[in-house]
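Protein chains: 6
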Amino acid sequence: MKGPEKVIALDLPPAKLDDAMQAYFAKCREKLGFVPNVLKAYEFDLAKLKSFVAMSDDLMLAPSSLSKLERELIAVAVSCANHCHYCLVAHGAAVRKLSGDPELAETVVANYRAAKLDARTRAMLDFSWKLTAEPWMVGEEDRTALRKHGFSERDIWDIAAVAGLFNMSNRLASATDMAPNAEYYKLAR
Amino acid sequence: MKGPEKVIALDLPPAKLDDAMQAYFAKCREKLGFVPNVLKAYEFDLAKLKSFVAMSDDLMLAPSSLSKLERELIAVAVSCANHCHYCLVAHGAAVRKLSGDPELAETVVANYRAAKLDARTRAMLDFSWKLTAEPWMVGEEDRTALRKHGFSERDIWDIAAVAGLFNMSNRLASATDMAPNAEYYKLAR
Amino acid sequence: MKGPEKVIALDLPPAKLDDAMQAYFAKCREKLGFVPNVLKAYEFDLAKLKSFVAMSDDLMLAPSSLSKLERELIAVAVSCANHCHYCLVAHGAAVRKLSGDPELAETVVANYRAAKLDARTRAMLDFSWKLTAEPWMVGEEDRTALRKHGFSERDIWDIAAVAGLFNMSNRLASATDMAPNAEYYKLAR
Amino acid sequence: MKGPEKVIALDLPPAKLDDAMQAYFAKCREKLGFVPNVLKAYEFDLAKLKSFVAMSDDLMLAPSSLSKLERELIAVAVSCANHCHYCLVAHGAAVRKLSGDPELAETVVANYRAAKLDARTRAMLDFSWKLTAEPWMVGEEDRTALRKHGFSERDIWDIAAVAGLFNMSNRLASATDMAPNAEYYKLAR
Amino acid sequence: MKGPEKVIALDLPPAKLDDAMQAYFAKCREKLGFVPNVLKAYEFDLAKLKSFVAMSDDLMLAPSSLSKLERELIAVAVSCANHCHYCLVAHGAAVRKLSGDPELAETVVANYRAAKLDARTRAMLDFSWKLTAEPWMVGEEDRTALRKHGFSERDIWDIAAVAGLFNMSNRLASATDMAPNAEYYKLAR
Amino acid sequence: MKGPEKVIALDLPPAKLDDAMQAYFAKCREKLGFVPNVLKAYEFDLAKLKSFVAMSDDLMLAPSSLSKLERELIAVAVSCANHCHYCLVAHGAAVRKLSGDPELAETVVANYRAAKLDARTRAMLDFSWKLTAEPWMVGEEDRTALRKHGFSERDIWDIAAVAGLFNMSNRLASATDMAPNAEYYKLAR
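Chains as they are written, first to last, in this note's numbering: chain A, 1 to 189; chain B, 190 to 378; chain C, 379 to 567; chain D, 568 to 756; chain E, 757 to 945; chain F, 946 to 1134.
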């Protein structure tokens, strides 16, 4: 059940969740203490909710040689370039949680170039930023730069896919004025 | 079976398709005559392929008060702002096919503002362009502009979601130098 | 005689062509099958028409160590950066005709960086794009890059002059909403 | 004869002028006291020189309901947007000469929005700036704004054509590092 | 005495503070618990430190009809446009402290347009953002917009002056890689 | 006493100057022949005037291994990037006065890249431009470039501080439509 606070600026009545999604929301409440508003935003249409959950969970949680923290750092750097409120708050919290380092999270929210990152992580975020700000300029020299830092072919895909996912979510959040759950602001401080 | 031509600039050996995806690829070959390279690009990982297909098919093909042509017009306008080769070629072909109007397709590939569009379609593409180029500037006044042209709350979501999808795909295609199938160039001329 | 379709969004009655321009238009009809709308747009003033024809023909057709195809590739890359409908359609058609390669044309319309170009052609288009997007940043290091790829002093002039010409034409076309001839869309497919 | 100071950063030996161009250069020396370096830059190729002179003189000097000063103001505003050294110096001097108001010239070189201009001139320069900075965004609403300030269809063409000319010249000057004649700096102070 | 952690990426040994500055630093320690690193960064030169303190304290703390919180909101919105790590952390903390609303602070750090602000505050930040991103476009219509929301002539100065101050500080912080004090991250959570 | 010409577009009655500021204004009249309008603009509030004078005089006039001319060149290059009328006129005049080279001044007003500068000065202005246009991109590699040209740690601070000062002043001047004194246009021609 949606609370009195609006999750997005569009008026879209929630659909009935199927068993799988009820279980998924229950798991969110159990693990996080709440259902992320991005999921509630999608609640109006079960097919959309399910395809978003499938893609997002695969990219952010499934096995990859990119750690979950690395993937969240990409999420935050992309969301910083796009000035996306929802994603900076929600994934800034995820960086706090995964790194145990609230300063790192706040720094990457502001500008990842100011964070003390190893050269590999820095290259990963430079690629993600360029792909966000000027995708048409990305080319072989950028992939080569990643390979020089030890990223595999699959890693390059994963970096691009996570950066791509947040270029999508940032826009959906901005287009709908999506509000982060109040809990995110306090998570893992 | 992948041909000798590389689909993307990353070396990612294809995984074995499950029955559902084999059927899906067969249906592509039957309907289109070929499997779109974006799907072959995802072929290295079944979970990723499936979540992309689910999301993309839901947004581009499932019932919506936006026609399929309208959704393809958004795809092309977004891809033009991002100068995405793969998506301009593949979705330019889709506009030709759905509209039966190759001039319209080529015009929107170049600049949708030069196309003879009704005010509603123009507003839809203005929103999509702004959401692509400056997502942080989108706000209530932009949603209001869409509502004035008769778009419902759900329609606004759908416009944003399609624009979001291509802001993701454009970046994945640019990051991997994804090549469109040769067939796309000739489709529905 | 102008057809019922408006060539530009300005209402400018055509002037009487002199013999030279009548012969020129006749030659267009003979060679191309039609008079390009950019010429009809200029038809309201004979002096303007003649100076445009003189400059454009000199830059695009007169002897130069840049091939005609190379010059058309510059035209298309510049027009892509400026999202110019008229020039992308008309000069995209010229690339098809001169190269016999419709895929190449469509690729350069989308983003020349995705085309399979030799390093020399790529450098030529990189220079043209930078000169279009940030002319104030172009300097000796950019000329040196061209010289390293074998371009002569005169070649550098020609690249800049063609890029300059389309930065002019793109703006005249956008300012007047110039429509390409219907024939261009089908030419050399 | 070219002096010891290089006019452009390219090494292009001057061609032999024909009688018409000799007369033209003589007239420049008589009226201005010198031959503008842009003409010396073109001196390596007679056809290019002549087509540039024809177009430039037609646009800047031939009858138009835009005054010569208005056309020079467009030249300077466009060149300011493009940070073009040659054109700001040469056409800044032209504004001084035609207006008798060196403060006006220096102000428009810096930012035309700071000059005390009537609303009509301001609209003309707003159009020229937008056409320079974001040509793809120019549309019917921009032409309507000019019409509201009393500009005719032909005037709109002329504004666009002059703005276009300097978008070409600015790029040729930047690409070749064209140096203004020393005399320009002192002209009409 | 500077601690082991470098405050900026430049090696500038601290000068000896005079009595006034010793007292000032003491007051910082008393009130805040620490001396802000921006002051330590200036510590190498007493005259620079004092002029910065004088200007900054006058603009941020002296009487003005803009509240201290409003001034800090401008600081954060400007620093967001400039992606300035130091200022987002330090002035984000100031917004938390003055508003007692950590969510507001984090929202304005991300994108002030997502915050629930009254129209007057929104107009103030819209002006500050435009002045930051495109100062050359600011004109009478922007001042008029502020006046319509009840801002006085003096208020407009104050908004511009605070926005100006952070356009300066953001650049000094970025140029020197200025690190915020660790205490700021936890302040007023 | 302010003359009939408005100095800024805001109506802010001048405050009474204290003895120090009266002496300062008298010295301006004695040395320059007039009180710079930026000071008159600040005259409405003595504390603001004094802190601006202190900071500005320290940065532009106090001992530094950057010459006064170098500091004025930074002022002009930054003001060019920001298209600031007041600062281009006032500090263009300062460059003329300090260099005795009006051509240099006019060139840097237009685009410092066209000026014949030694590599060290060019590096200084490249840093200042980047810090102005994209402060978030400035990092260790940019400081290293300055160090390679012989700039000390303190010099880097000074370059950043002067560039920062004009990023502030440019915005205050644009926000208030500050008019340069008429005398500046003629100074040191």
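Just so you know, the hints here were simulated from the structure itself, not pulled from any lab data. Among these hints, one or two may not hold up.
[What the hints assert, rightly or not] Calculated cross-link-like contacts (lysine-lysine; reagent style DSSO-like; alpha-carbon spacing at most 27 Å):
no., chain 1, residue 1, chain 2, residue 2
1, E, K904, E, K872
2, F, K1131, D, K635
3, F, K1131, A, K116
4, E, K824, E, K904
5, C, K526, D, K635
[Claimed, not checked] To give an idea of the interface, some chain E residues facing chain F are shown, with a C-beta separation under 8 Å as derived from the structure:
no., residue
6, M777
7, A782
8, C784
9, L788
10, S807
11, F808
12, A810
13, M816
14, L817
15, A818
16, S821
17, G920
18, M924
19, R927
20, L928
21, T932
Positions of the beta carbon are idealized from the N, C-alpha and C atoms, including for glycine.
For each hint, the structure was consulted:
1. Pair hint K904 (chain E) plus K872 (chain E) holds up; C-alpha atoms about 20 Å apart against a cutoff of 27 Å.
2. At most 27 Å may separate the alpha-carbon atoms for a hinted pair to count; K1131 (chain F) and K635 (chain D) meet this at roughly 25 Å.
3. Distance check on the hinted pair: K1131 (chain F) and K116 (chain A) sit about 51 Å apart at the alpha-carbon level, beyond 27 Å; violated.
4. A threshold of 27 Å between alpha carbons decides the hint, and for K824 (chain E) with K904 (chain E) the separation of about 22 Å falls inside it, so the pair holds.
5. Restraint check for K526 (chain C) and K635 (chain D): the C-alpha separation of about 43 Å exceeds 27 Å, so the hint is violated.
6. At a threshold of 8 Å, the smallest CB-CB gap from M777 (chain E) to chain F is about 14 Å, leaving the interface hint violated.
7. Given the 8 Å rule on beta carbons, the hint for A782 (chain E) is violated: about 22 Å separates it from the nearest Cβ of chain F.
8. Proximity of C784 (chain E) to chain F is violated relative to the hint, the smallest CB-CB distance being about 18 Å (cut-off 8 Å).
9. Because the smallest distance between the Cβ of L788 (chain E) and any Cβ of chain F comes to about 21 Å, over 8 Å, the interface hint for this residue is violated.
10. With a cut of 8 Å, the hint placing S807 (chain E) at the interface with chain F holds, because the nearest CB-to-CB distance is about 4 Å.
11. Interface hint status for F808 (chain E): upheld, as the beta-carbon distance to the closest one in chain F is roughly 7 Å, under 8 Å.
12. Among the interface hints, the one on A810 (chain E) holds; its C-beta lies about 4 Å from the nearest C-beta in chain F, closer than the 8 Å criterion.
13. Taken as an interface hint, M816 (chain E) does not check out: its beta carbon lies about 12 Å from the nearest beta carbon of chain F, beyond 8 Å.
14. With a cut of 8 Å, the hint placing L817 (chain E) at the interface with chain F is violated, because the nearest CB-to-CB distance is about 11 Å.
15. A hinted interface residue such as A818 (chain E) counts as satisfied when its beta carbon comes closer than 8 Å to some beta carbon of chain F; here the least separation is about 6 Å, so the hint holds.
16. For S821 (chain E), the interface hint is violated, the least distance from its beta-carbon to any beta-carbon of chain F being 13 Å, above 8 Å.
17. Taken as an interface hint, G920 (chain E) checks out: its beta carbon lies about 4 Å from the nearest beta carbon of chain F, inside 8 Å.
18. Taking 8 Å as the C-beta cut-off, the interface hint given for M924 (chain E) holds, the closest approach to chain F being about 4 Å.
19. Interface hint status for R927 (chain E): upheld, as the beta-carbon distance to the closest one in chain F is roughly 4 Å, under 8 Å.
20. For L928 (chain E), the shortest C-beta to C-beta distance to chain F is roughly 5 Å, which falls under 8 Å, so the interface hint holds.
21. A least Cβ separation of about 6 Å between T932 (chain E) and chain F falls short of the 8 Å threshold, and the interface hint therefore holds.
The structure fails hints 3, 5, 6, 7, 8, 9, 13, 14, 16 (numbered hints given earlier, in ascending order).
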